[in-house]
Amino acid sequence: MASPKSLLEAENNWKTAMGLSFPGERVVIRGKDLFTDLKDMRWMELLLFGITGRYFSDEEIKLFEGIWVLCTSYPDPRVWNNRVASLAGTARSTATLALSGANALSEAELYGRKPDIRAYEFLVRCEKILKLEQLNLEEIVKQELNAHRAIPGYGRPIVNKDERINPLIDLLHKLNFENGIYLDLAFNIESALLTGRWRMKMNIAAPIAAIAADRGLSRNEFYNYMCLCFTGGMLPCFQDASDKMEGTFLPISCSKISYEGKNLRSW
Amino acid sequence: MTDKKEVIHTHIWHEESEDDNPFAAKRCYCSGYDVYGDLLGKISWFEYIFLLYTLEPPTPEQSRLLEGIAIILANPGPRDHSVRAAMLGGVGGSHGAASLIAALSVGAGQLGGAREVLLAMEYWQQCGCVLEKWVNIITTPPKPSRVDVWPEMEHTPGFDPHGASCPTPVKQSLNHLSTLSPKGNLSWLENNQTELEKHTDMPLALTGVIAAAFIDLDLLPAQGEMLYLLLRLPGAGAHALEQRDFGWRKYPFFRDGITLTDDPNTNPPS
Chain X
1 MASPKSLLEA
11 ENNWKTAMGL
21 SFPGERVVIR
31 GKDLFTDLKD
41 MRWMELLLFG
51 ITGRYFSDEE
61 IKLFEGIWVL
71 CTSYPDPRVW
81 NNRVASLAGT
91 ARSTATLALS
101 GANALSEAEL
111 YGRKPDIRAY
121 EFLVRCEKIL
131 KLEQLNLEEI
141 VKQELNAHRA
151 IPGYGRPIVN
161 KDERINPLID
171 LLHKLNFENG
181 IYLDLAFNIE
191 SALLTGRWRM
201 KMNIAAPIAA
211 IAADRGLSRN
221 EFYNYMCLCF
231 TGGMLPCFQD
241 ASDKMEGTFL
251 PISCSKISYE
261 GKNLRSW
Chain U
1 MTDKKEVIHT
11 HIWHEESEDD
21 NPFAAKRCYC
31 SGYDVYGDLL
41 GKISWFEYIF
51 LLYTLEPPTP
61 EQSRLLEGIA
71 IILANPGPRD
81 HSVRAAMLGG
91 VGGSHGAASL
101 IAALSVGAGQ
111 LGGAREVLLA
121 MEYWQQCGCV
131 LEKWVNIITT
141 PPKPSRVDVW
151 PEMEHTPGFD
161 PHGASCPTPV
171 KQSLNHLSTL
181 SPKGNLSWLE
191 NNQTELEKHT
201 DMPLALTGVI
211 AAAFIDLDLL
221 PAQGEMLYLL
231 LRLPGAGAHA
241 LEQRDFGWRK
251 YPFFRDGITL
261 TDDPNTNPPS
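For the record, the sequence lines run as chains X and U.
If you count the first sequence from 1, position 212 lands on 212 in the numbering used here, and the numbers rise without skipping.
If you count the second sequence from 1, position 160 lands on 160 in the numbering used here, and the numbers rise without skipping.
FYI, nobody ran anything at the bench for these hints, they're computed from the structure.
From the three backbone atoms N, C-alpha and C, an ideal C-beta is built for every residue, glycine too.
A portion of the hints provided could be inaccurate.
Straight-line C-alpha distance at most 16 Å; calculated EDC-like pairs for lysine to aspartate or glutamate [to be verified]:
(1) 133(U) with 122(U)
(2) 256(X) with 18(U)
(3) 62(X) with 45(X)
(4) 262(X) with 15(U)
Computed beta-carbon distance windows for the label pairs [said to hold, decoys possible]:
(5) 199(U) with 72(X): 43 to 51 Å
(6) 199(U) with 247(X): 54 to 62 Å
(7) 265(X) with 247(U): 46 to 54 Å
(8) 242(U) with 13(X): 24 to 32 Å
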C-alpha cells in the first residue's frame with residue numbers, strides 16, 4: 001500500500017541545487033553567485049541558464065532572443081490571448097493580472113505552447129524513424145495526417161503563409177546557424193508537403209522547435225524557454241486599452257448575442 | 001464598427017436590451033428562463049449552477065448531490081496546495097484576484113487538482129461500473145495519443161499516492177454522496193472501493209469521489225474539471241483574506257527547511 005513516507009521525509013526538508021537567497025548577503029542560482037558569477041549576463045542568457053543550467057554562446061543567445069522578438073505575440077487585440085490583456089485594460093484591471101490571464105491562455109490547442117512542443121516531438125520522432133530507415137518522409141507525413149489530420153508545425157488556421165519564417169531565416173543567416181539536423185529536416189518536411197498534394201507550408205513552430213533541438217534544448221526546456229515569449233505583444237494591448245476611455249474596447253451590444261437555445265419558459 | 005455578421009453564439013444566454021441603451025440588458029434569460037424576473041427568489045444557487053452547465057433544471061436529487069459536492073469542495077483547508085498558493089497571495093499583500101489565480105493555477109494540476117478529476121472522469125467513461133475494466137485500466141493506464149503541456153500522470157487518477165488509508169472525510173463524503181447517487185456510480189464506488197484500492201495499491205482520494213459524483217450528474221469531464229476549479233475557490237479566498245490579516249511574520253517561511261546542495265561557498269569549484 002502507498003504510504004506518507006515520502007511526505008514525512010520531505011517535511012521542512014527540501015534539497016535543491018537550483019538556488020537559494022541569503023537575504024542581505026548573496027543569491028545562488030544553480031551553483032553560481034548571481035552578483036559575481038552571473039551579474040553580466042543578458043536577461044535571455046540568465047533565463048536559459050536557469051532553465052537548462054548550461055551556458056550558451058553569444059551568438060546562440062542572440063538567436064534565442066531574436067526568436068522571442070520575431071515570435072512574440074503581435075500587439076493585435078484580435079488575437080485571443082492579447083484580447084484578454086486589452087479586456088483587462090478596458091476593465092481597469094492591472095498589468096500583472098492582464099499578463100497572468102493572457103499568458104495562461106497561451107498554451108492553447110490552436111496556438112502557442114501546445115503546437116510548439118508537438119512540433120518538437122514530431123521532428124524528433126521523424127528524425128528517429130528516418131535514421132532507422134523504417135519509413136521515408138512522405139510515408140511519415142501520410143501516417144501523421146492519418147492519425148491526427150495535421151502535421152504539428154505545418155499549416156496555419158487563418159492563413160497558410162507564416163510571415164515570421166523569412167525574417168527568421170535572415171536571422172539564421174546573419175548568425176551562421178542556417179543548418180542543423182532538425183532545421184534541415186523541418187525544411188525537408190515542408191518540401192515533402194508542398195510536392196505532395198497537401199499544400200501545407202511550414203509555420204513558425206517547426207523551425208523554432210528545430211532550432212531548439214539543434215541547440216540541445218530538451219522538449220521541456222524548449223517549452224519553458226517559450227513560456228513568456230508572447231508577453232511582448234500583450235503589454236501594448238493592455239496599455240492601449242488602459243489609456244483610452246474605460247469600457248470602450250470593442251463593446252458588445254445585447255443584439256450581438258445570438259441565442260440558439262431553448263424557447264422562453266417559466267420555472 | 002462591429003462586423004454585422006459577427007455575433008456570440010450561445011445556447012445558454014439570451015438578452016433583450018433596454019430601450020435607451022443597446023449595451024444594457026432589460027431581460028436576461030438562462031436556457032429560456034428569465035433570470036431576474038423569474039428565477040431570482042425561486043431557485044437555489046445549486047439549481048442555477050446545474051441549469052447553467054446542463055441547460056436543464058436539476059431533479060431534487062441532482063440538486064442535493066451538487067450541493068453536497070459544493071460543500072465538500074468549498075474548503076480544501078490550509079494544507080492543500082491550491083489554498084497554500086492563495087494564502088501566499090494574502091501574506092504578501094497581493095490582490096484578491098492574484099490569490100484566486102494562484103489557487104486556480106496550482107489547483108488545476110494532476111495531484112489533487114482539476115486535471116486529476118478530468119482524467120478520473122475519463123476512466124469512468126471508459127469503465128463505468130465494470131470492475132474488470134477498472135482492473136485493466138489501473139494495470140494498463142492509457143497513454144495520451146499526443147504530447148501535451150501536461151506531464152504524464154504519475155498515479156491512478158482518483159487515488160492518493162501518499163495515502164496510508166482512505167481518510168475519514170473522504171469516506172464520509174462518499175458515504176453521504178452515495179445516498180444521492182442518481183446513476184448509481186457513487187454507490188458502486190462505495191461497494192467496490194476496497195477492491196479498487198487493492199489494485200491501485202493506493203487509497204481512494206477525494207478527487208475519485210468527486211469524479212464519480214460528477215459522472216452521476218451526467219457531466220462531461222471538461223464540465224467536471226471546470227466545476228471542480230470553481231467550487232474549491234471559496235476556501236482559497238477565505239484563507240487568503242485571513243492570512244492577509246495575520247501577515248507574513250506569522251506564516252511559515254521554512255527558514256531552515258531548504259538545503260542548497262551546490263552552494264559555491266561550501267563547494268568551491270575544483
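Fill in: Hint check against the structure, violated hint numbers in rising order
none
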